[in-house]
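In order, the protein sequence lines correspond to chains A and B. Our numbering applies: residue 662 is where the first sequence begins, and numbers increase by one. Our numbering applies: residue 25 is where the second sequence begins, and numbers increase by one.
Bear in mind the hints are in silico, worked out from the structure with no lab data behind them. Using N, Cα and C, we set each Cβ at its ideal position, and we do this for glycine too. Don't take each hint at face value.
What the hints assert, rightly or not - Okay, derived cross-link-like pairs now, DSS-like style, lysine-lysine, Cα gap no bigger than 27 Å in a straight line:
1) Lys718/A / Lys29/B
2) Lys718/A / Lys679/A
3) Lys678/A / Lys718/A
4) Lys125/B / Lys692/A
5) Lys80/B / Lys92/B
6) Lys78/B / Lys29/B
7) Lys95/B / Lys125/B
8) Lys125/B / Lys718/A
9) Lys78/B / Lys125/B
Stated by the list, open to error - Simulated DEER-style distance windows between Cβ atoms:
10) Ser36/B / Met702/A: 19 to 25 Å
11) Ser722/A / Thr69/B: 24 to 30 Å
12) Gly107/B / Glu724/A: 45 to 51 Å
13) Leu35/B / Ser722/A: 41 to 47 Å
14) Asp664/A / Ser32/B: 42 to 48 Å
15) Ser98/B / Thr687/A: 33 to 39 Å
16) Arg85/B / Lys678/A: 44 to 50 Å
17) Gly677/A / Gly84/B: 47 to 53 Å
18) Gln105/B / Asn760/A: 38 to 44 Å
19) Asn51/B / Ser722/A: 15 to 21 Å
20) His96/B / Ser741/A: 42 to 48 Å
21) Glu717/A / Asp25/B: 17 to 23 Å
22) Asn760/A / His100/B: 17 to 23 Å
As the list claims (entries may be wrong) - Covered, in the sense of this in silico footprint (three residues per stretch, anywhere, with C-beta under 8 Å from a C-beta of chain A), are these stretches of chain B:
23) 25-37
24) 68-79
25) 126-134
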Amino acid sequence: EADIYQTPRYLVIGTGKKITLECSQTMGHDKMYWYQQDPGMELHLIHYSYGVNSTEKGDLSSESTVSRIRTEHFPLTLESARPSHTSQYLCASSDWGFNSPLHFGNGTRLTVT
Amino acid sequence: DQQVKQNSPSLSVQEGRISILNCDYTNSMFDYFLWYKKYPAEGPTFLISISSIKDKNEDGRFTVFLNKSAKHLSLHIVPSQPGDSAVYFCAASAGIQGAQKLVFGQGTRLTINP
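Chain A on its own, in the form it takes in the complex (with noise of 0.2 Å):
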């Protein structure tokens, strides 16, 4: 049983639109992470947060943005969708232990046409 959540599960939508994906922990978790991944390769981590009000951009740049105002929930958005964003995105949680695993849900698969 999932203890995070993202929707929507796929997404189809137009260049230029705005999207936000929404994520949420029901574990309270402190570190929560935003990895992208394309079909047959590596995930990528685009955004984490230690916490809220702390975003940190990843190893791979995005061109997506995120929030923390609650403990919750880290939201991602893209203010202007293109092709390039097609991909699937996955959001993941992790307590404070130093070796604590990352909880991830089962993403949201995004196609921009």
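Given chain A, put chain B in place with the hints provided.
Chain B only, in chain A's frame:
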């Protein structure tokens, strides 16, 4: 430059036999390694991990081996079961980031045949 590499995109194994998935890394600063398992339409789930101070970690049917000199790790599944059919990702991290700022490989699709 890909720092974590899984050179086998796919692997097919008979049920009951051993599955061995391999992973190579290039960054000598990596000191913590994890394996994640992913079913279709689901997010990855944590399977097993190993710190660089060890060369083996075992959890039930799953064992991870680490060869630091070769910058190589492997995941052994014994015996393999149909439910093990999934994509397996190797991941690594360095220093104080622990298990969390991870660098992933491309994944290996494991198919267990009855």
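Results for each hint:
1. For a cut-off of 27 Å, the pair hint linking Lys718/A to Lys29/B stands: about 23 Å separates their Cα positions.
2. Between Lys718/A and Lys679/A, the direct Cα distance comes to roughly 20 Å. Compliance with the 27 Å bound is thereby established for this hinted pair.
3. Among the hinted pairs, Lys678/A with Lys718/A is consistent with the structure: their alpha-carbon atoms are about 23 Å apart, no more than 27 Å.
4. Restraint check: the Cα-Cα separation between Lys125/B and Lys692/A comes to about 10 Å, which is no more than 27 Å; the hinted pair holds.
5. A C-alpha spacing of about 11 Å is found between Lys80/B and Lys92/B, which places the hinted pair at or below 27 Å, so the restraint holds.
6. Distance restraint check for Lys78/B and Lys29/B: the Cα-Cα separation of roughly 21 Å lies within the 27 Å cut-off, and the hinted pair is therefore satisfied.
7. Straight-line distance between C-alpha atoms of Lys95/B and Lys125/B comes to about 19 Å, which keeps the hinted pair within the 27 Å bound.
8. With a CA separation close to 11 Å, the supplied pair Lys125/B and Lys718/A stays within the 27 Å bound.
9. A hinted pair counts as satisfied when its Cα atoms are at most 27 Å apart, and Lys78/B with Lys125/B qualifies at roughly 20 Å.
10. Separation of Ser36/B from Met702/A is about 21 Å and conforms to the stated range, judged on CB atoms against 19 to 25 Å.
11. At roughly 28 Å, the beta carbons of Ser722/A and Thr69/B sit within the given window of 24 to 30 Å.
12. At about 39 Å, the CB distance of Gly107/B to Glu724/A disagrees with the hint of 45 to 51 Å.
13. For the hinted restraint 41 to 47 Å between Leu35/B and Ser722/A, the CB-CB distance of approximately 33 Å leaves it violated.
14. For Asp664/A paired with Ser32/B, a C-beta distance near 32 Å fails the hint of 42 to 48 Å.
15. At roughly 35 Å, the beta carbons of Ser98/B and Thr687/A sit within the given window of 33 to 39 Å.
16. Checked against the given bound of 44 to 50 Å, the beta carbons of Arg85/B and Lys678/A, roughly 46 Å apart, stay inside it.
17. Checking the proposed 47 to 53 Å range against Gly677/A and Gly84/B shows it holds: the Cβ atoms sit about 50 Å from each other.
18. At roughly 27 Å, the beta-carbon separation of Gln105/B and Asn760/A lies outside the given 38 to 44 Å, and the hint is violated.
19. Taken as a hint, the range 15 to 21 Å holds for the pair Asn51/B and Ser722/A, whose Cβ atoms sit roughly 19 Å apart.
20. Distance hint for His96/B and Ser741/A: a CB-CB separation of about 43 Å, consistent with the stated range 42 to 48 Å.
21. The hinted window of 17 to 23 Å between Glu717/A and Asp25/B holds, with their beta carbons roughly 22 Å apart.
22. Roughly 21 Å separates the CB atoms of Asn760/A and His100/B, a value that falls within the hinted 17 to 23 Å.
23. Here the stretch 25-37 of chain B counts 3 residues with a CB under 8 Å from a CB of chain A, which clears the bar of 3, and the coverage holds.
24. For the stretch 68-79 of chain B, the proposed coverage by chain A is satisfied: 5 residues have a C-beta within less than 8 Å of a C-beta in that chain, meeting the threshold of three.
25. Coverage of the stretch 126-134 of chain B by chain A holds in this model, with 6 residues showing a Cβ closer than 8 Å to a Cβ of that chain against a need of three.
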